[in-house]
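Chemist: Taken in sequence, the protein lines are chains V and Z. Residue numbers for the first sequence follow the working numbering, so the first one is -5 and each next one is one higher. Residue numbers for the second sequence follow the working numbering, so the first one is -5 and each next one is one higher.
A couple of the hints might just be wrong.
Heads up, the list lumps identical chains together, so a pair's fine if it works in one copy or across two of them.
Stated by the list, open to error - Capping the alpha-carbon separation at 30 Å, the derived lysine-lysine pairs in DSSO-like fashion look like this:
1) K407 <-> K310
2) K310 <-> K222
3) K222 <-> K249
Hints listed in this document are in silico derivations from the structure and should not be mistaken for laboratory results.
Protein chains: 2
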Amino acid sequence: MELWQLSAAQASDLMAEGRLTSEAYTRALLARIEARNPVTQAWVHVDPALALSQARERDREPRRSRLHGIPVGIKDVIATRLMPTQYNSPIYVGHQTAEDANSVAVLLAAGAVLLGKTETLEFACGGRVPPTRNPHDTARTPGGSSSGSGAAVADGTAPITLGTQTGGSTIRPASFCGVYGMKPTFGRISFEGAKHYSVHLDTIGFYGRSAEDLWMVAQAFRMTSGDKPAVPAIEGLRLGLCETPSWGTASDDAKAALLEAARRLAAAGATVTPLQLPEPFNRLTEQQDVIMNEGGRGAFIPEYMNHPDLLHDDFKAKVENRRGFTAAQMRDVLDQVALRRIDFERAMGELDAVLTLSAPGEAPMGIQSQGEASFNRMFTALHVPCISVPGMKGASGLPIGIQLIQRRYEDEKLLAVAAAVARVIDTR
Amino acid sequence: MELWQLSAAQASDLMAEGRLTSEAYTRALLARIEARNPVTQAWVHVDPALALSQARERDREPRRSRLHGIPVGIKDVIATRLMPTQYNSPIYVGHQTAEDANSVAVLLAAGAVLLGKTETLEFACGGRVPPTRNPHDTARTPGGSSSGSGAAVADGTAPITLGTQTGGSTIRPASFCGVYGMKPTFGRISFEGAKHYSVHLDTIGFYGRSAEDLWMVAQAFRMTSGDKPAVPAIEGLRLGLCETPSWGTASDDAKAALLEAARRLAAAGATVTPLQLPEPFNRLTEQQDVIMNEGGRGAFIPEYMNHPDLLHDDFKAKVENRRGFTAAQMRDVLDQVALRRIDFERAMGELDAVLTLSAPGEAPMGIQSQGEASFNRMFTALHVPCISVPGMKGASGLPIGIQLIQRRYEDEKLLAVAAAVARVIDTR
């Protein structure tokens, strides 16, 4: 096993035992980036000298947390004090903030090493697509908008990365890239210092190579207790198999992968029951779309006024409200979504998790389209924590993520359940 | 009339007519700051050379908007590229960001002149109180947390300032200081670049010397159409007089002021009917309190980890969740508040505005307490736009603000109604 293949949790354990230095691990990842980035283009900015200097400092210090000495990549819509933050926007070429985003500051305070910035869809929203390729098939998209963060973890160039999700931008790349991804409960991680789009939806997400990697990140944000999850037995776990109103957008192989995952979990002792969402959920994705896009009316006014020549028309359309969102419509969609939050969690009852697809299929061909967020938008709107667990495969042998969902603020429980589920379906 | 006494709208009209330069107006305000700031202490940072240089630039240019050449003050929890942003926190003494907050960038792009930064409660949240005094009685608080922004407009040192509101931080100072203040619909102005506290509540607010001043700011954020409000006739205006569940916290003179305002409006031809909120609204303020405080769990982790010695215990308590907020409790309060949004706007029916107090009374004595937000927290939670109109007075002859409220996203309508109401009750 090469060093770059270690999960964050494995590397952390080796470091705690004195069998691995942060410097050696960082060097291995930097070498991997050098080899792979010309192909995958997950990284927009890497600073080897800075990363190694941070790693050596961590090696000299007492360990601060399980993230101590672990290199991380940051989606380039999240501010970093020591590296440019460019949003994949021509307006912000070379743009340097004076401080770290809240989410970055927390990881670095926990001892993480800043490896670099990862490619993103412009402003994590629209406009320019990143050049990033799916490591499993470079003819395909890694998904978006956290394209580089998903691809980097899949490609072995970072064990942990930060992303964001306003529609499906964390969970979908996790699915396409075959990595672990988490969108926590809305609001649980501060979005301060990340580029805002919709205040009702914007969420910091993160990627890892195992469920325990995700736990380590959640722990840094004080969302969990203890160093490792108390993984429940799979026997007796109550899982709700949910096709969602987007079932029709899923490919046959994706559907088969979800059913096969459910079959395996049931065979391992879980109780898998169907969860049917009532009719009003059919409009949830469209309601999310209105809320999300209306957010752009305020989010991009500075760029609209100061740099109209460099601003993609996608964003101008939002500022100008070309879709004509009305006050009554906004109240209606916000209230309908709020009611669905109540309905969804009532429907969940005593389930330990809802089980569904993370994306409608394997990563599509090409990089112009980043694939559909049809299995994500509704859950972003519901503010519930979501984890994508890899391990299943589609017709082309490419990853199909299985999405696990809990009620709001049950992030710790979801992480533990995901670790149990992973033991059954992620047997790579 | 002295130049510093002009409202933003009056100054703007004079500039448009070529009868006033931005430079002359800015000089008058700078002189007023020099004279008054030792007493009122509304400003934490003023840069006369920068302001004058911006003013002269604006004088040389074609007018960009009605805000062109108008000096503004910015609450010191909102980032400014050309001035420190210090949050009234010892951690951030001299702290300089590399960019303007969205709200600042919009005002400056519209042609406003950056006059300085105004005093604030630490992180607009707790901890250290600002030294600011109420211009009407320097033995009293101007209210908080936007203390300096409210006091500056009242004291004639700026015609327009930005504040924030997470509990009652914009409307309460407007009431205590006798100025116009607006908390727009939640999410309508981007909070990017302001210090985050609760993602469910944080709102950019603003102050002016007239309803038209507020309109000019709202126009810059594309919340209104046209240069001036289409002020409706007071005859036939349907107003709902709402005591709110906080009526018991109001002083007798405040209650009398609200009833007198209602009487005057009715005498002028408005239809004023009582609006009774049903029993579940009695818990709304406590629910807002839980949502707001829980936001501090994530908001202050970086300061908690990196500067524990300089962080006030108020914030440590939040990060450590000393109040022990639970997942079930968070779901409950968020859902209850969401249901009240629906109930409130249904109860409003065809009213042109709800009429209530902006604060429970005159500004209290002393500056350690910034007064109660009992008439604000529920409306912040409801995400509805609120405007405080001055003109009424309490037992000590100090200002009592009258609060007007509309349904979410009806900011433009609320601004027009406030202009009509102001003609009746603000006859100073």
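Chemist: Look at each hint and say if it fits the structure.
Modeler: Hints and how they fare:
1. Taking the closest pair of Cα atoms, K407 and K310 come within 30 Å of each other only across two copies (25 Å); inside a single copy the shortest separation is 41 Å, beyond that limit.
2. In this assembly of identical chains, the alpha carbons of K310 and K222 lie at most 30 Å apart only when taken from different copies (24 Å versus 46 Å within one copy).
3. In this homomeric assembly, K222 and K249 never come within 30 Å of each other (Cα to Cα): the closest approach is 32 Å inside a single copy and 57 Å across copies.
Against the hints set out earlier in the document, a violation occurs for number 3 only.
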